[in-house]
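Colleague: In the order they appear, the protein sequences are chains A and B. Note that my numbering numbers the first sequence so that position 248 is 248, with each residue one more than the last. Just add 1000 to the spot in the second sequence (first one is 1) and you have my numbering.
It should be emphasised that the hints constitute simulated quantities derived from the structure, not laboratory data. Computed from a predicted structure; not experimentally measured. Don't take every hint at face value.
Stated by the list, open to error - DSS-like, lysine-lysine: derived pairs with alpha carbons at most 30 Å apart:
| # | chain 1 | residue 1 | chain 2 | residue 2 |
| --- | --- | --- | --- | --- |
| 1 | B | Lys1261 | B | Lys1143 |
| 2 | B | Lys1397 | B | Lys1416 |
| 3 | A | Lys315 | B | Lys1416 |
| 4 | B | Lys1081 | B | Lys1021 |
| 5 | B | Lys1143 | B | Lys1093 |
| 6 | B | Lys1502 | B | Lys1492 |
| 7 | B | Lys1092 | B | Lys1081 |
| 8 | A | Lys146 | B | Lys1249 |
| 9 | B | Lys1300 | B | Lys1022 |
| 10 | B | Lys1555 | A | Lys146 |
| 11 | B | Lys1296 | B | Lys1021 |
| 12 | A | Lys146 | B | Lys1416 |
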Amino acid sequence: MNETLAFILEWVIKGAVLIAILLTGFAYTTYFERRFLARIQIRVGPNRAGPFGLLQPVADGIKLIFKEEVEPAEAYRFAFLLAPVMTMVPAVVIMAVIPWGDKVVMFGREIALAVTDLNVGVLYLLSIASISVYGIVLAGWSSNNKYAMMGGIRSTAQMISYELALGLSFVPPILLAGSLSMSEIIQGQQSSAWYIVYAPLAAIVCFIALLAEVNRAPFDMVEAEQELVAGYVTEYSGMKFALFFMGEYIKMAAVSAIFATMFLGGFDGPGVDTYAWLGPIYLFLKIFGLLGLMIWIRATLPRLRYDRLMAFGWKVLIPIALLNVFITAALIVGLGI
Amino acid sequence: MTEELVVTLSALETRFPDVVKKDERKGYEGFLVDTKNLVEVATVIRDELGYDYLSSVTGVDYLEEELLEVVYHFYRSTGGKSLVLSVQVPRKKAVVPSLYDLFISADFQEREAWDLYGIKFEGHPDLRRILMWEGFEGFPMRKDYQEAFFVEDQKPFANRWPEGKVFRSEDENQFGKNVQYPKGFDKPKKWDPEEEDLLYAGLQELGKKDSGDLATDHVVVNMGPQHPSTHGVFRMAVVLDGERIVALKPVMGYLHRNHEKIGERNTYLHNIPFTDRLDYLSSMVNNHGYVLAVEKLLGKKGAVPERAEYIRVIMSELTRVSNHLWAIGFLLNDLGAFFTPSLYAIEERELILDIFEATTGARMMNNYFRFGGVARDFPPGVLEKLNSIVFERLPRKVDELDVYLTDNEVVASRTKGVGVLSPEEAIAHGVGGPVLRASGVPYDVRRADPYSIYDRFDFDVAVRYHGDCYDRYIIRIDEIRQSLRILQQALKDIPEGPVLLKNPYNIRVPEGESYGRVEAPKGELGFYIVSDGTANPYRYHVRAPSFVNLTALEKMCVGQLVADAVVVLGSIDIVLGEVDR
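One chain only, chain B, in its complex shape (with noise of 0.2 Å):
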């Protein structure tokens, strides 16, 4: 246990005596609160100890113990580690009181943890199915359930290769064997799922508050899922006063394929090209983050040589780069200007996939993390071509970019004072990444919580103060250039060696929790794995942040215009994948 935590700790335990007690079980690092006092421990844990970002929320259902367990993550907003708080329940009676008017960035999580898991958050306003459909029966991520094609709890099947011959579950297993209905479903024409209704009620009493004497009607308008400009099947359900959004609450859930169960059937392994898939534009990052939080579990057999730290940082900033390079061009997109932008900035970002096609042979799904290391070397050559991209075409190019956009009239005023966050606002929504720096706060978990090897490059956190979708824009610019400063230090530097030691196929965790983040190019992106020793993960939670970036859509929005929506959430920057997990 580090420092800084025995002294939260003892603060903790002096100020509510028998109410916070230390985990005790075995690889646990957080503490225990009674239900009852969490909300008072949350508010002294903000105010007095300074933990003023929530980062991931979440649920775990202890199956045998008879718990259901919420897990909070907090951090200060000023950089260090973590501090992790958790609530048991017992199973059949499972309410906690909601952390939401503290820390909105409770919010969707919240509504994620009840939607999977049935857990009551008592006080949360707005409190409905998030990831799952309307009508859905049951709490999938609970131990007990089982969903259509269940075989088995844990990969590999023992039934998928009998005698060596192919063989598909669903051949056997037919549907509607183990789906359960909602009441009333056999009569579909009655049958009407109330959640839909809950939205658009809960939107019209947002709406309400806004009118004035003068007797107008609003108009409700969905953008989405099915619009071009929500970046895949996502949905705003708006509210308009003429062009004006008076509520806005976003929708989603229409990708979901409960990424977390998948990963919880799997073993270890099994999970890294499946985070591939998360945020599709960054996937060597999503690797990252998965190994780290691994990594930290297995102690010193995930231990990691240095070449392959080196590797890992320069194809992280690569990614970054050009997550970036596709994020600027498709906002301008969003702004109206007809692909040319986006098209000059794609085609920068081809030649870093270049780079990734040649060292782990895809373009975009890598696979290339593994525990203890990277799948394999730079085949030759490579190194020449990413000198050449990194040190002489790509800080042109940027030159370029900054030159043509950042003063270009429509741009600024298309942007200047749209969608303006507060860097307080944006604490308590807990965005990440760029929105939250172009806020004003100086938050990036590779300073505030250094991970792999951050610690030894030399880069500003790139930081804009006004937090409007014109700093959220420069930002992700100053960013790239930042990132190409790391890899100048990671190409001069990198070291001969080894990349992987061994590759362990089949690896057993040892026992407890950990939470793996890294920066992201879209924001804080966490793992949350709980082991219980064997060969798959008994818990395994991605704390996306597109998903918690979104919670702030609706403050910037409201009051803005329809074009500004469209913008705002380009500014923002998702990817459906893993908002939907």
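This is chain A alone, in the form it adopts within the complex (with noise of 0.2 Å):
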């Protein structure tokens, strides 16, 4: 077998691997998010279907799919079908440059347990993101509906505030690994510690700038419920909500393996060293703290109002994160860490 023929055979199963993860994954986030969710709030949760109701999200995919789509009359098609593609997408590919262990012998060949390991796997990470916005802006603006419009405006405005404190909020790590490329960041970690430690307030921000990366509560003003009835997905039904849906569970979990990565680790843990395939699991239990931990922000914060939301973006994270930087910067220059 050459070489090349092996190397994409690699590729794509590992891009196939990381995909049927995500697409499964998916389903029993919203499972665990309903589960814990109930815990918090004094309530069993759903427990009917299966054994612990561990079928709930198989009953729920084969609901939506089954589902009638109804398309308004005045919407515009296409870019009403486009819109949750846009959305789910960028959500998978953005995995992909997501190290979830070192170097593994498998089959005789040495794989890297990485889709890919981009020299600018930070600027790859931020670009993709800022894509997933297009979907929500043409979904509030095809469907020709008020509260979807409304939706949609306030999705691009909180993306351009919360956007630039994020990439600032990446600064600090690359500063400390002296490189854009994930696998470095990681390795920079385990060579010193976790940046978290040298950077907790660019930490601080990231999440917060993450939270609102993938509208989540108390940022959830995209959809908020009580105004906008359900923001950019009003119009949208059956598999189509469902599209919406899966993008929004994917990238949960994808912003909490790009925090993990930048700031605890990635899949750094005691005796990952002499047992890489523990790398996977490591970054796993983070992932999952991480989306605990959002779950927990939802259950517990109401929502902040729009225009707060942009103030604090705004008049707060970027100043802190900016700041940050230049704190970052002059203590490598200074203690030559």
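Build the complex: two chains, separate frames, hints provided.
Modeller: Here it is as structure tokens:
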């Protein structure tokens, strides 16, 4: 077997496995959220379908597939169909640069546990993350509904305010590692300490900005139920709605993975040097913990108001993030970390 | 007649000789005023006599005398008894000057009287139908109006049980016999109710005033009737400039069932379970208001035993606690907290409902009060459970809610300074209950015009002074604490004895009018009843607190953001069952 073919095959298989994990994992993220929310809210949560309600996501999926797809009469059909795809695809491809572990030996080959290791991984993350907002804007605009349109407009404004802070909060890890590549950022953390220790402020800003990025409470302006009914998804039903839903939950997992990689050492953990297979487990646990944190926040906090959210983004987060870049740079030069 | 009213009467008679007359009909306590002098008299009443709170405006149809009457109930916002004015106009030409300019609280109530009685209020800026649908023909509360399945004027209908067999009137009376259509309705494609256009035209007019030099377009958004946070089928037609509200009109009546007409067909006792369905979250307070109005007319026959009075107070206060818990929980939901606070509040409410279930047999539709008492005594064991809840669990849980919510940064930033209503505006808009008291007016019917045995208990009237949503939230916590104080005293003092001396199934109420009002959890709940001495009320009117409180919604929302409108609505705490009636 020639080397190129093997390389392509390996790459395709890794990609397929990742997508399969994400698409099934998404369903169980919803299950996890519903059960965990219920626990917080002194309820039981779904426990009827299958043992512990484990088949509930399957039942939901089947229900959504068989639902009638309703399209508003005055909707702009092309954009209306394109929008769910544009939200869903970036959420999946963003995971490509996240390393799941170090190299393992399989079938006599040394295989890196990452779909790819771009040397500009962080830039890739940022650019892909901003694409998905187009899906929301298109959905809001094309469905010819006032609530949806307002949701779309809100998401644009929110994205602009938080993308900057997010980008700036990635700078300290980049400076500390001296590289834009995700694997080198992890190596940097393995050789010193997790960057949340060196740049706690950046980690906090990053987490808040990521919450805003995925439109999770308390930043869920875009689909604020109490105000905009369902925001940009108001007119969507059936599988098209499910795609938005999928996009949202996969993105939740994706941003958790990004945060874990940038600040919590990615797949790093005790014993990972000798047993490379521990890497994915550690990363999974970190993602799981971050998801739990997001759900906890959703269950606890009321929603911020739209204008205060903007003010918070521009007047608080961006200055802090900017300041943090300078402090980190000064420390690196001064102390030679 | 009380001393206070005698003074008022002499003051009015000296000011307006021959214009204001004492109502001489049997059982009536008010004054008759000439139509053309109404505004003048009302001005004097408000500015010189201090009756600044117009509680209720309603119509009565005296078919035999060929008269339509408008009845006004005025109160002083400092407390005291009512002043009742009546205006009589001929049925053929029912035109009355509007009091909108003096008392904004007349806004919806005059619209309701127009809608149901066809009394035209001259000078009302927006006299449209409010409860009936836009194209409705006729005025349903008039005594000569007959609904589609009309059988008889008064229950019990003779034809319902012919020879002991079940019979439904729909089977005999096919739909259509009594239905009246508006002009042009037989060509439905062309037919276009003009009321809806009037609504939008009025909104555009309101929106215009606000636009500056820069030409921008406003968006009209209909929030509701199907909207997650309107607490039912309620609609706010909103004109938006960006996300800022420049004009807002509430639209209601989607749940309208003409409760009052049903009430006039029913016998007096029939009506008690119907009042449960008004504000279905606090049904026993509704019972209380209605029974109180009828007992006033009954006089000695309606005397209530001591133990029953205590049970009434206990039930009313428990209802208030459960209602406020619900209101706080769902206000937090409107703020976007995903059900956690509301579920914690509902957990406590469930315990109260358990007590209701044990005592009355139902958790929500209690149907528990009777004329001259309550239906049955507490079953064994309930008082002990009640004691443990009232003395131990609830005070602790209220403190817990207070600790978690009151100092929450997000709650404060979302509600402080939002939807401000000044004390003067609050009185002029006729709002009641927590909304009024949060604006700095310490007016509580339990203290201002004590009914039942509320004058025996030691409690404070909760009051807050900013008039914003935050105060309207926190005053509910204060009120729960005060209710618990009353409950603790009542539970200590409750005497033994009967709870109902005689259960009169078919009661004949002496002639006259009466207005029974109670401090419902949502505001002042009034029942206006006119009896003609038969087994059925001649006029049965509900002054629903949610309905009148909504008058101030527009005032509170204009200039705020969309997100705030939802919070303001949540802080008023409406229940559509009594708004639409």
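Colleague: Compare the structure with each hint and give your call.
Modeller: Results for each hint:
1. Lys1261/B with Lys1143/B: OK: Lys1261/B and Lys1143/B at ~9 Å, within 30 Å.
2. Lys1397/B with Lys1416/B: holds (24 Å)
3. Lys315/A with Lys1416/B: The given pair, whose Cα atoms are some 21 Å apart, holds under the 30 Å limit.
4. Lys1081/B with Lys1021/B: Holds: Lys1081/B and Lys1021/B sit about 19 Å apart, inside 30 Å.
5. Lys1143/B with Lys1093/B: Holds, at roughly 16 Å.
6. Lys1502/B with Lys1492/B: holds (26 Å)
7. Lys1092/B with Lys1081/B: violated (34 Å)
8. Lys146/A with Lys1249/B: holds (18 Å)
9. Lys1300/B with Lys1022/B: holds (25 Å)
10. Lys1555/B with Lys146/A: holds (24 Å)
11. Lys1296/B with Lys1021/B: holds (23 Å)
12. Lys146/A with Lys1416/B: holds (28 Å)
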